[in-house]
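Residue numbers (this note's numbering): 10 to 336.
Take the hints with a grain of salt, since some may be wrong.
Below, in silico cross-link-like pairs of lysine to aspartate or glutamate (EDC-like), each with a Cα-Cα straight-line distance of 20 Å or less [unchecked claim]:
no., residue 1, residue 2
1, Lys259, Asp225
2, Lys259, Glu317
3, Lys259, Asp181
4, Lys259, Glu305
5, Lys259, Glu184
6, Lys259, Glu292
7, Lys259, Asp288
Think of the hints as simulated: they come from the structure by calculation, not from any bench.
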Amino acid sequence: MDGGFVRTLEPSLDSAMLAILDQSRDCITVIETDGSLSFISTNGLLGTGIDRFDAVLGEPWHTLWSGQSRAQAADVLSRAAEGEDARFEAWRDDGQRWEVAVSPVRDRTGRITHLISTAWPVSTPGAKVAAAERNAEMQTTVARESQHRLKNLITVIGSISKLIARRSRTVDEFERSFQRQLLHLDRAQALLTEGAEDDGSLGQVVAVVLEGEGNDPRVTVNPLPTGRIGDRAVQLLALVLGELRTNAIKYGALSEEAGRVLLNIEADGPDLHVVWTEDTGHERPSPTLSGGSGLELIRRMISTGGSEPEISWTGRGIQVAFDTPGI
């Protein structure tokens, strides 16, 4: 730096220099001539695992390193205090190896006022091998999980296609219904793969299914259990809630201006108890609750999850209750 810049900066030189040191990606420490620590950069704290600077302020600098490196650190510090630039390899107690350089800091008269240390972690061959092994293990786990989910998805699609084929009177009817179920499954799969977590949350499933074609203020969802649910629960809820919503729009409460739907889901041990209640806004005679194509598909989809649904008529709309494993 030129002299003009130094003179301009000089009134705040200490704070400016500390700010510059604190921006370094390395572990920067400033050491008093007696060997005590007077500054450590933010990245230095993070890299060494030290929670608070005041815990090490004034402590001997060489104690930052493990026992086997402390004697060498003290020797390097002594050489730097005599005006020598010194370098050595040090180890921390966590097994991390560091490359460390220590140099004297002089004032304008040439007097050594402080020592400065720059340290950076060094990857060892063993660490690289261990990292590669962890990465390979993670890839294997992901591949197995993907294969499991793919098999599960194929099974679900096969079951749904058979159910729809049994109740479809024409190819066009089959195609429309099958595409609708594939859309529900696609939304479920997006929940299972878009994040780092293995499973989707119940709130996500409900929001994606019920708001996938536009948020309807006539649909009320009671507070949901917290936590995450497994693949099968995500897929089953996406299919069943999607079909219930479609039926409500076509034939049920949501086909009426004053219609309302209430969804209530409660945790019952490891299972979920789901109740879908429709209110058309007025008394209506009970329709046929068995044999209808929409309700039959819903009944069969729920039964694939190991539960028999309870389908009833409240006088103002249909109510469907069922259980599903939550995990």
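Against the structure, the hints:
Taking the CA atoms of Lys259 and Asp225, the gap is about 14 Å. The hint holds against a cut of 20 Å. Among the hinted pairs, Lys259 with Glu317 is inconsistent with the structure: their alpha-carbon atoms are about 24 Å apart, more than 20 Å. Annotation: proposed proximity of Lys259 to Asp181 holds, straight-line Cα distance about 17 Å (limit 20 Å). At roughly 15 Å between alpha-carbon atoms, Lys259 and Glu305 fall within 20 Å of each other, so this suggested pair holds.
In summary, the hint linking Lys259 to Glu184 is supported, as the alpha carbons are separated by about 17 Å, within the 20 Å threshold. At most 20 Å may separate the alpha-carbon atoms for a hinted pair to count; Lys259 and Glu292 meet this at roughly 18 Å. Taking the CA atoms of Lys259 and Asp288, the gap is near 14 Å; set against the 20 Å cutoff, the hint holds.
In this structure, only the earlier hint numbered 2 is contradicted, and the remaining ones agree with it.
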